[in-house]
Amino acid sequence: MQSQNPLLQNTTNFFFKLFKRQIFIPIAALLLLALFNLIADPSFFKIALGYNSAGDPVLSGYLITILDYGSELAILAIGMTLVTAASGGQDISVGAAIAISGSVVLRVLCGTNSRPETLQAPIIVAFLVSCVVAMLFGAFNGALVSVFKIQPMVATLILFTAGRSIAAWINNNELPIVKDATFSYFGSFIPGIPVPTPFFIALACIIIIHLALRFTNLGLYSQSVGINDKSSSLNGLNPAQIKFLTFVILGLCVAVAGFIKVSRLSSINYSVIAKDIEMDAILAVALGGNALSGGKFNMSASILGAYVIQFLTTTLYKFDVQSDALSAYKAVVVIILVILSAPIVREKLSSLFKALKPRQPSKEGV
Amino acid sequence: MTQMNQAKAKGVGIIFVTHFLDQVYEVCDKITVLRDGKLVGEYEIKNLPRVQLVSKMLGKDLDDLSDIHGESKAYVENGKSEPVFEAEELASDAGIKPFDFRIRKGEVNGFTGLLGSGRSECVRAIFGADRIIGGTVKMNGKKVKISKPIDAMKHGIGYLPEDRKRDGIVGDLSVRENIILALQVTKGFFKPFTKAEANAFADKYIKLLGIKTASADTPIKSLSGGNQQKVILARWLLTNPKYLILDEPTRGIDVGTKIDIQKLVLKLASEGMSITFISSEIDEMLRTCSRLIVMRDCKAVGELSGEDLTQNMIMNTIAGGDEK
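So the sequence lines, in the order shown, correspond to chains Y and S. Numbering-wise, our numbering puts 50 at position 70 of the first sequence, and it's gapless, one number per residue. So our numbering is basically just the index in the second sequence, starting at one, shifted up by 1338.
None of the hints are false.
DSS-like mimics (lysine-lysine), calculated; alpha carbons at most 27 Å apart, straight line:
1) S:1529 with Y:276
2) S:1492 with S:1503
3) S:1486 with Y:276
4) Y:210 with S:1525
5) S:1476 with S:1435
6) Y:334 with S:1559
Source of the hints: derived by calculation from the structure; they are not laboratory data.
Bound conformation, chain S alone (with noise of 0.2 Å):
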């Protein structure tokens, strides 16, 4: 960043490409839209807010996001729901201290911290990617043993790894494989599903989450990321989860699919889903969660709910200004 700031002192002409709308206001004086391959229009940055900007290049207004936000978040607090999903003094060998957590039925919530602040490793710890060394888990208050993936894939949680390239997809099977590879692993070894059964589940998805690809039969490497991320959480939905983890799911994607996502989120929390939402943005958690846990060191250092949850407190959390 700094080196571009010095490139452009010198005078030298950047074209910079990027889905980072922070990057663009820092190092740009110029910005040209495209959406669907088409020319929006060029604008000064400096006569262009950051809602604009986004408006533009989704096509649409930004507003019908925080009302559905508004519904979900009523659910949850005039609810009270039984919680879905309790660990007491869970650990991993990643490093994380023990931490207790729990989530409510249709309830949205995150973590949040810095990179290596440990959030990742407290999901995979809940879905049992790493090996886990201690601590009790309840389903639905039924106290389970949760020490691989298809544990916790059987008991209903289904996790969305923070880095799709490496974690997520399986880069050369086709869109509709990936689509029901984790639901066709519960399944079992001895119970394939039909083409036809596989056929159905893939267009299904494919038409409900929007997913751009040329067929169901395309390798989910040749797809953009945004799409990509899509199949992913298809395939997470076809399991019909009771708690879905989802580790920056919107990282590295364009912003109508951000957006996209967000909004699937929150209604997802509606019809009853518990969802953990980690997001490196502040304000997508601010925007989907109704219950904020703030992570520092590897260890849980606050939780934020309701009245609390503003940029300015999260900052001073994850700074430690309370404990001073």
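Next up, chain Y with everything else stripped away, as it sits in the complex (with noise of 0.2 Å):
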């Protein structure tokens, strides 16, 4: 049998190849989300150039904001993606980490005073000093997933409880207030850029990880890790190392995401600072198609997947959803993954695609 068409086979070995790439997930809710956005409103895709209150030019419009607050989780993303490779579960206290890191920012920058006129140590050394404290926690994470081999979730939920007591204690409960311009630039905008900062800053950190998949074997080893553990080990792994080494790292994803979070503010709020920032960091990962039990994951995948979940919420911010009913909506989308990545239904869809797939003719004639 020939087949009449080879415009639609290719097509449709198009559409094949592509929904047989991981990448398909996100890509396609992406467009979904956006092919909504066009016919309820196609003013979501305007942007306008305007001038900030200090009189620099600032881009304005939905996208930008999903540009802006996206990059907070993609930053997340990257190191949630590898902790749930390694480990199979998710850290679900980011947010609370996020908190304290925050918090031991403001701290260095105001020292005892919490209004401090003019900083109190460079910006620089308060970033370094809250990455060194979130890999530290990242480290007490990580310890009790790999040396005490406790479920993440659970080994998590220690820091997701006591995160932002211990944030606000670092403070004495006052609630700091940077006044230095600076500071607030990595929140914001750096005068003369009208792209915002975070942006830059989830972009470096979209390349470091990228040269860093590409330079080690961060990421064969973490899947290897993620998918046999014992297999790995009497290959010459050390699994526990390598799972803790990926709680170091989202450690200092949660260092970075937490200062572009107290730099928009220059100051906090302990209880509401990056608040439920984990499920829409554990979602991004989902999002990207990387099964949350672990093994095989994609990263640019994840990355686009917390873009797609920015997306979402500003699109449900837009249209008045009350932020308490936004996880209802995002609810939704988890079912839907959820069910969409479930084993049998693969198999069901991608058996479905190869009935859609036209036959290729037979060499040997029958």
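Relying on the hints, combine the two individually framed chains into one complex.
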């Protein structure tokens, strides 16, 4: 049987291949959201160049908001992807850990006085100190998971519960305010550059992680350990060490995201800062088509997933959904994702695509 | 097995699909042989001796295997080569009694004994896979410390584990990644192979061992058992070991691959690699090993070589006949 329509065959082949690719999932979700907004209100895509109160040029619009706030999420998604891959579980303490590292930044910048007129330490020092602290907390989680073999979600529940109190304790429960303008650039705009700074920070993180995956065996090792830690250890790997390492890397991501968060406010609100962000970060990993049970991952898909989640959040805000109702809508996305990624459904879908794919003419005749 | 025979006696028709020839002869009346997706033929079991059955399954005779065997044995016996690996009073926390062990260059040795006799624990101790609690180890006459698998790998020891699914394959990773894994880990965290290098390694061994896979990108878990085992074998051959431990490399795989693996073992030994070959099927070990260590109750109870290497002697030693 010859196929009559080569064009049809090519397009279905193309979609078949794309469907097989993991990155198909976030791309499809992105297109779906974009299409929805295009029909509902095309002004969603409008980007305006205006001037902020300091008289510097800034871009504004929903897409810019997505780029801005999606960037924190993308940074967290990097670490969350690695933790998920190696440990087969998720860190639910990232929101609380952001509160801690943000609190550390402010503490170092303000010193003992919570409302100083001038900075008490260079910004870079504050950032580095917060990195060390966040990595230590990451190491704490990592040790619980890798040495004591506690389920990641259970292990990180400790910090999830205690984190915000620790954050408040670091600043004696005061709310420090940083008046330095330079500090606010990291969470908003650098004068003269109309694109939000968090995007550049995320870009740097994305480049660094891709270099790390390219020039080290971080990817191979964490996937191998996540898939089969017995085999991995018989191949000379130390699964505990690798799981530990991924948690420390996530700690570093937390520090960067926390730095952006406090820079946005030039202050902190211990109970609200980065609230529920862990769920968005986990969702980004899932939306990237990565199995939450660990193993193989696709970093680019996770990062794209993070921006798609922010796209969804921003869309919901635009349609005046109350912030406490947001999670209900996201739950719908989670349900769809979880069902779609269930092996039984994937099998069905892929056989459906195979059936759609026109049969190749057999070479042997029969 | 008895249940199947009972069912048979009651008149139930049974279609039995298996790798295990013993079971075929125990239960079946008729056998249908398939090879490469084609029907070879249907035979009455009682008219078909085992050797003929195997050659029907393979489409070739077994003779060439015994030829290679003669050569490799000659190599070891003439050479009296130097020991590659020596262990004294080696003990791990897996419950085996401290044991002495040595293997010479180009020698194929085996551990035999019933299931649970401690043969796997012995080789795991050699590789540092269990926690080592005592003993000294020498490689090429020099004292070395092996406490984890990576130490053993750095000294040129490879280990194909008994349970392929649990300890061998990394299921979701591709055939290529599974092949390069051990060498990559030995090389180090900051020195990943380039894509081209990894591809070259994978293609070389897929061709060399005749691994049947759609591509090097295919996840290893979608391969057949025999081909998975070949991938694990390729993984260790790639590290170019001086001493290769194969724990049940022929378990649960098709007869053709079993023969391929035994041939490969003898070929590697003739090229100077020391190999420990463990199998539950005694005739496989008789065919490949020039020296057998017999284990019972986590203890080495005998060592057989040369003239003593017969099925009867092994059975006797396992059963403890010499102690009466």
